[in-house]
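Residue numbers (the working numbering), protein chains in the order written: chain W, 21 to 494; chain F, 225 to 276.
Keep in mind that a hint or two might mislead.
Straight-line distance between alpha carbons at most 25 Å, and here's what the computed DMTMM-like set of lysine to aspartate or glutamate pairs gives [as the list claims (entries may be wrong)]:
(1) W:LYS491 x F:GLU235
(2) W:LYS85 x W:GLU462
(3) W:LYS487 x F:GLU233
(4) W:LYS491 x W:GLU421
(5) W:LYS491 x W:ASP379
(6) W:LYS487 x W:GLU421
(7) W:LYS491 x F:GLU242
(8) W:LYS487 x W:ASP424
(9) W:LYS356 x W:GLU223
(10) W:LYS487 x W:ASP379
(11) W:LYS356 x W:GLU50
(12) W:LYS356 x F:GLU242
What the simulated footprint calls covered on chain F by chain W, stretch by stretch (three residues with Cβ under 8 Å from a Cβ of chain W suffice, anywhere in the stretch; the number is not a length) [said to hold, decoys possible]:
(13) 234-242
(14) 249-256
(15) 259-267
Short, incomplete list of chain W residues facing chain F, as computed with Cβ under 8 Å [said to hold, decoys possible]:
(16) ALA90
(17) THR92
(18) ILE97
(19) LEU468
(20) PRO469
No lab work stands behind these hints: they were computed from the structure.
Quick reminder that beta carbons are idealized off the backbone N, C-alpha and C, glycines included.
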Amino acid sequence: MSATDTTPTSGPSIDQSQADETNWPLLASERTWSGGQLFVVLMVTACATWCFIIGEYVGYYLGFKPGIAAMTAGSMIGMLLVALAVLPAATRYGIDSIVSARPQFGSRGWLITVALQYVSIIGWNSLLLIFFGKSVTQLFLVLGVVDEANSGMVGPIATLVACGVVFAILNGGVQAISKVAFPLFFCIIGVGAWMVYLLLTNEWQAVSTTTPAYASGDFQWDYITGVEIGIVSLLSWWPYIGAMIRVAPNSSTAAAPSMLGMGLPVPLLSIVGLAAILAIGASDPSSWMVALGGTFYGAIALVFVIAANFGTAMTGVYATTVGLRSVPGFDRLPWKALLLFAIVPVAFMGAVVPNAVFDNFGVLLAFTGVFFAPLCAIQIVDFLILRRQVLNVRALYDNAEGSDYHYWGGFNPAAILAMLAGFGTYLYLLNPISYASRSPYEILTASLPTALVGGVVYLIATYAIVKPAGKGGY
Amino acid sequence: MTDTNLPPELERRIAEIETQDSTARGLTGADWLVLLGTGVALPILVLIWGAM
Numbered sequence: 021m022s023a024t025d026t027t028p029t030s031g032p033s034i035d036q037s038q039a040d041e042t043n044w045p046l047l048a049s050e051r052t053w054s055g056g057q058l059f060v061v062l063m064v065t066a067c068a069t070w071c072f073i074i075g076e077y078v079g080y081y082l083g084f085k086p087g088i089a090a091m092t093a094g095s096m097i098g099m100l101l102v103a104l105a106v107l108p109a110a111t112r113y114g115i116d117s118i119v120s121a122r123p124q125f126g127s128r129g130w131l132i133t134v135a136l137q138y139v140s141i142i143g144w145n146s147l148l149l150i151f152f153g154k155s156v157t158q159l160f161l162v163l164g165v166v167d168e169a170n171s172g173m174v175g176p177i178a179t180l181v182a183c184g185v186v187f188a189i190l191n192g193g194v195q196a197i198s199k200v201a202f203p204l205f206f207c208i209i210g211v212g213a214w215m216v217y218l219l220l221t222n223e224w225q226a227v228s229t230t231t232p233a234y235a236s237g238d239f240q241w242d243y244i245t246g247v248e249i250g251i252v253s254l255l256s257w258w259p260y261i262g263a264m265i266r267v268a269p270n271s272s273t274a275a276a277p278s279m280l281g282m283g284l285p286v287p288l289l290s291i292v293g294l295a296a297i298l299a300i301g302a303s304d305p306s307s308w309m310v311a312l313g314g315t316f317y318g319a320i321a322l323v324f325v326i327a328a329n330f331g332t333a334m335t336g337v338y339a340t341t342v343g344l345r346s347v348p349g350f351d352r353l354p355w356k357a358l359l360l361f362a363i364v365p366v367a368f369m370g371a372v373v374p375n376a377v378f379d380n381f382g383v384l385l386a387f388t389g390v391f392f393a394p395l396c397a398i399q400i401v402d403f404l405i406l407r408r409q410v411l412n413v414r415a416l417y418d419n420a421e422g423s424d425y426h427y428w429g430g431f432n433p434a435a436i437l438a439m440l441a442g443f444g445t446y447l448y449l450l451n452p453i454s455y456a457s458r459s460p461y462e463i464l465t466a467s468l469p470t471a472l473v474g475g476v477v478y479l480i481a482t483y484a485i486v487k488p489a490g491k492g493g494y
Numbered sequence: 225m226t227d228t229n230l231p232p233e234l235e236r237r238i239a240e241i242e243t244q245d246s247t248a249r250g251l252t253g254a255d256w257l258v259l260l261g262t263g264v265a266l267p268i269l270v271l272i273w274g275a276m
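Full structure from sequences and hints, please.
Written as structure tokens, this is what we have:
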């Protein structure tokens with residue numbers, strides 16, 4: 021490879037105000053978010069409709085109290101894996117999740133992580149914006165704006181409008197997210213707490229006595245399955261978190277907001293879905309809030325769902341767009357064009373094939389666990405243990421053959437072996453579609469052994485193959 | 225061979241960050257306390273509570 025073969029060489033010239041629209045490292049003067057700002061943005065990102073679905077899935081196996089415990093524990097464990105993988109490098113060097121994975125995957129291998137990020141966030145954003153469209157449809161029905169016979173096109177049109185609004189807001193860069201996040205914060209906290217209160221005070225008897233629909237009869241298995249659902253749900257944050265916390269000045273500013281702002285709100289809001297599936301048999305508030313709280317309260321709940329999904333989708337599109345900046349050729353595109361690459365697939369899915377995404381939430385969860393558990397472990401082992409929290413910043417952007425992170429042809433075999441080992445471990449322990457399991461899943465979950473195996477294989481392969489060859493800049 | 229032809233703005237950023245990095249710290253003891261407290265201790269306590 022020639023010295024001129026480098027991804028960012030031909031990148032757009034940028035000024036400081038546009039720095040958050042590139043994947044280049046943010047300088048200390050640009051990383052100005054306080055812990056409070058970060059907490060609010062991360063919380064708004066975390067609180068979305070998927071919380072109701074996560075609660076619903078846990079409610080298939082567990083009752084109210086153990087369900088809350090399993091969701092909370094799993095979510096915080098998953099968040100810890102993501103935080104340890106991304107936070108130290110992102111906050112030290114001002115880089116996003118994708119760039120932080122270059123030292124492990126190589127100067128071409130990181131395309132694997134871009135692909136994972138793209139598929140994951142497109143899937144999640146499609147789900148959210150389709151929910152957005154459905155909620156708008158319900159809201160219009162409740163308010164009498166449309167009738168049942170004419171409501172068919174409202175959802176797809178609302179999804180397209182939402183995509184347009186996201187595009188317009190993100191055209192202002194990451195600072196725009198911060199500005200929109202604060203109003204959404206009060207909406208989400210207030211209405212979310214009120215929904216839990218309303219549900220529990222009206223339906224407590226049913227919530228506390230209903231037997232979960234798919235309980236296996238083995239409490240330990242059900243309990244671990246609840247934990248597993250929590251873990252894989254939060255592993256979804258890997259693609260999102262780097263783009264946000266890189267704006268924090270240091271790890272201390274980002275550690276608590278990451279765990280408490282992005283980790284804890286998910287199980288707390290999932291209580292709505294858990295209680296609703298146990299008491300009413302449906303987790304989506306738009307389907308029960310009108311019956312439970314009347315037209316006025318139902319409309320408020322729908323506005324909440326709409327606002328919550330909007331905030332998360334916006335962050336997801338931003339993270340995807342920054343990630344796409346790393347792809348060769350895409351670095352030359354203007355920010356607006358990159359935004360379109362992130363939004364158009366979501367608009368297509370939402371408007372043309374909404375049910376294909378909506379009916380396959382379980383598959384999306386499985387995808388997350390299978391790939392992101394070993395990915396997190398690889399990053400933790402590499403950055404915290406092997407590199408002792410120090411990177412070669414120049415090599416992050418240098419694709420030439422002799423650079424530290426070029427490895428062999430741009431790929432690090434240790435990372436690929438570790439991903440394959442983790443993939444195999446997960447599928448051995450748990451069929452992510454049918455949830456058929458093998459021991460020791462009922463004790464350890466599937467994600468944690470997957471992460472452990474991925475991390476150990478990466479460590480061994482690095483010592484056996486990479487270091488002796490003088491590759492990797494260790 | 226390493227690349228010496230990075231864009232000037234990126235070069236400027238790398239140079240500044242390399243200077244900062246010589247004095248920057250990684251995860252601090254307090255960070256580890258927050259991370260392990262909320263990501264390990266809290267889940268253990270919550271799981272015990274949920275199983276009681």
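| field | Contradicted hints - numbers only | value | Those not satisfied are hints 3, 5, 9, 10, 12, 19 and 20.
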